[in-house]
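Residue numbers (the UniProt record's numbering), protein chains in the order written: chain E, 1 to 426; chain Y, 1 to 426.
None of these hints come from the bench; they were simulated from the model. For clarity, every value in this text was computed on a predicted model and none was experimentally measured. Some clues are possibly wrong.
Any copy will do: because identical chains look the same in the list, a pair fits if it lies in one copy or spans two.
[As the list claims (entries may be wrong)] Straight-line distance between alpha carbons at most 27 Å, and here's what the computed DSS-like set of lysine-lysine pairs gives:
hint	residue 1	residue 2
1	Lys2	Lys17
2	Lys278	Lys425
3	Lys278	Lys17
4	Lys2	Lys272
5	Lys114	Lys385
6	Lys114	Lys337
7	Lys17	Lys120
8	Lys101	Lys114
9	Lys101	Lys385
10	Lys425	Lys272
11	Lys337	Lys101
12	Lys2	Lys278
13	Lys17	Lys272
Protein chains: 2
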Amino acid sequence: MKTFLYPEPADWAALSKRPVQELSQLREGVQQTFDLVRQRGDAALIELAAKFDKASLQDVWVSEAEISAAISQVSQELKAAIALAYNNIQVFHEAQREPVKQVETIAGVTCWRKSVAIQKVGLYIPGGSAPLFSTLLMLGIPAQIAGCQEIVLATPPGANGTVHPSILYTAHVLGISRILKAGGAQAIAALAFGTETVPAVDKIFGPGNQYVTAAKQMVTQLGVAIDMPAGPSEVLVIADDSADPDFVAADLLSQAEHGPDSQVVFVTNSEKQLQDVKAAIATQVAQLPRQAVAQQALNNSVGVVLNTSEEALDFSNQYAPEHLILSVANPEALAEKVTQAGSVFMGHYSPESVGDYASGTNHTLPTNGYARNYSGVSLDSFVKKITFQHLTREGLERIGPAVETMAEAEGLRAHKHAVSIRLAKK
Amino acid sequence: MKTFLYPEPADWAALSKRPVQELSQLREGVQQTFDLVRQRGDAALIELAAKFDKASLQDVWVSEAEISAAISQVSQELKAAIALAYNNIQVFHEAQREPVKQVETIAGVTCWRKSVAIQKVGLYIPGGSAPLFSTLLMLGIPAQIAGCQEIVLATPPGANGTVHPSILYTAHVLGISRILKAGGAQAIAALAFGTETVPAVDKIFGPGNQYVTAAKQMVTQLGVAIDMPAGPSEVLVIADDSADPDFVAADLLSQAEHGPDSQVVFVTNSEKQLQDVKAAIATQVAQLPRQAVAQQALNNSVGVVLNTSEEALDFSNQYAPEHLILSVANPEALAEKVTQAGSVFMGHYSPESVGDYASGTNHTLPTNGYARNYSGVSLDSFVKKITFQHLTREGLERIGPAVETMAEAEGLRAHKHAVSIRLAKK
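Based on the sequences and whatever the hints tell you, model everything.
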């Protein structure tokens, strides 16, 4: 951990600079994958699964038999944990429903908006060492609450040709039955353009490697929406002397284990706390199975001492972290001042991992400074908010003259006429 | 107007196909503009204003004297119209505030989200023949309600070096004092990257020509958010025999006058209504100052007769129009079934132009089929929704074991440990 004592605000941005993502050199390869999937559909997916996933597939879709098998393979303990998480995520996202609220902006002019589900969505869950069934919960639950008509899950098969049981079980719990065995840019292509068996979707969600990220970026220019731009995961922890250094160290390490490019930032108003946390990290990291990964992330991590917790929060607001943990005696006061963060964890018993799995908040959050201008995934991400208006003749009489004047001033005579012709007829 | 009688659903998509936007050949030129603005800042903006706007600028910023002059140049009538529109837009967007709602997902686990303004936003208003002060209202009012700290307006100067009085007056009413005299890709570059006097913003809003559209698309890959992807404006009108063909014709023409690429679609369950509307269009178009433009758009417009209004609405849902006008006897029943549209106008006294100017709804809406997967601009567009959570020790005891189980199953031991270490200490 690189440490900085009392840096000046002008230097803050430089201390916690994020790595630059350079995806442009991937685009040509991704474009070739796109072309292949567009031209040959499922056959291309089968070919690419053999090439990249070492999987020999007969069919790109998970079968009912595979789902049944998965259900019996998942432990009761994990099923109970998923059920608890499901409930909390459901409760929190249900509360995000926006009721229709009719507003009479002026007598006779009634306007409202209504949330309507995006019809077809694709959820991408990466493969690799960790089966991210938790991400499937985070995407699938709001999709179900929104009422999306078609939910397609895409995830790469293992070398054995099937998908990890915990993913299949979670999909089953969510009522998602269309599960495509495809990963990487080819999965994004199949979801964006469709194939003979895959429906083209309106919006694609979920994390992935740099090819997935580049592919998602590219499809946004072809009419498909995505959840948000991606980048390496990150946490910023603010702690004062009330914090237990063992807890803080554990929180920093749970970010560091994500990957060598994970961003870990620690800010405190106490030099002693910084020393104690560093010592606790050294002890704890040795016990981790992903020690090598965590150590690499820690080498790039930053520890900053500032004068006060308020100053620490100013630092955090300029950094705009994906996750912000306020391990301080009075987190409420600091939380009030947060202007840029994805998700905020308050107090000594709110580690980031509760939000990653089971407290109810969504864990798909803006990274890479995007907390400045993007929200995390929520029910909003799965709906369009359509506006409606209804005017009575009296309402039109009331606002019509203003519309006529403004349309005339903008040189749009037919806009004016659409009002005038109505007001002229009795 | 090309007319189609009772086409089969399988053919609907082909009837109302939109023109393909091809922006990729513009990217190189836009990139050069980006490089120029990044390298030379305001000097580049002045140079490009001379080149593209034929304007000789001393300063890229509108002066207080220019604003004062504009205030005296705008008529009392227009000022009153703007005041009325302002009020209605304000009322409708104020109602979109989301109160903070704390949710106890399980005892001891409290989660909520809070809307916080995006700090720095850029509003782009195009120049050209029509001074779009109404768009400035539509973007500026929610930006003010959200509480954005920095609002920069960019709009190209006229050849006289200044900005249209109605734009400056509207900015004044909105309390926006930073008005940059820049248009095109150079304006987007200045807002995205900043110059020595322009602050780099977090999100850019507003319509523009194809260079602006390409530039906005490109900056999304560089960390800056935009309101939504752009395309030509469009309306779909559904009318039954209760509609007055003069009103319907006026509505179709008010879309057609926007530009030769405007998309105009008319769907009815009455062959007679189609004939009557066509006749009314022929009469009305002759009276328009923008007749040539409207005629070009009309040549590409589509009239479709289907069996019922319900079928007409199915047609509309597959088209996903920016604006949908329901000129039918019972618009409420049809409106219930709308799943894809930007904004819906119900009944015989709700022409699109009221929503364009003064009813209160926003007129920055998804075009080009993006109503499938994007919402129009609203207060949401100017905020991030940050999630918060606070767990008591008892709350952590309640969900901690589930978190431990799930983290273990995903192979993330440090995530598990952040819970275990807390539960282990008394």
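Hints, verified against the model:
1. In the homo-oligomer, the alpha carbons of Lys2 and Lys17 lie at most 27 Å apart inside one protomer (13 Å), although the nearest pairing across protomers, at 57 Å, exceeds that limit.
2. Only between protomers do Lys278 and Lys425 lie at most 27 Å apart by alpha-carbon distance; the minimum there is 19 Å, versus 80 Å within a single protomer.
3. For the homomeric pair Lys278 and Lys17, the shortest alpha-carbon distance inside one copy (21 Å) is at most 27 Å, but the shortest distance between copies (61 Å) is not.
4. In the homo-oligomer, the alpha carbons of Lys2 and Lys272 lie at most 27 Å apart inside one protomer (16 Å), although the nearest pairing across protomers, at 78 Å, exceeds that limit.
5. For a Cα distance limit of 27 Å, the shortest separation of Lys114 from Lys385 qualifies both inside one copy, at 5 Å, and across copies, at 19 Å.
6. With identical chains, the CA atoms of Lys114 and Lys337 are at most 27 Å apart between copies only, with a shortest distance of 12 Å across copies and 31 Å within one.
7. In this assembly of identical chains, the alpha carbons of Lys17 and Lys120 lie at most 27 Å apart only when taken from different copies (20 Å versus 37 Å within one copy).
8. Taking the shortest alpha-carbon separations for Lys101 and Lys114, both the intra-copy value of 8 Å and the inter-copy value of 20 Å come in at or below 27 Å.
9. Taking the shortest alpha-carbon separations for Lys101 and Lys385, both the intra-copy value of 12 Å and the inter-copy value of 20 Å come in at or below 27 Å.
10. Proximity of Lys425 and Lys272 under a CA criterion of 27 Å is satisfied inter-copy only: 21 Å between copies versus 81 Å inside one chain copy.
11. For the identical chains of this complex, Lys337 and Lys101 are inter-copy neighbours only, at 18 Å across copies versus 30 Å inside a copy, given an alpha-carbon limit of 27 Å.
12. When the C-alpha separation of Lys2 and Lys278 is checked against a cutoff of 27 Å, the pair qualifies only within one copy, where the shortest distance is 10 Å, while the shortest distance between copies is 73 Å.
13. In this assembly of identical chains, Lys17 and Lys272 lie within 27 Å of each other by CA distance solely inside one copy; the values are 25 Å within and 67 Å between copies.
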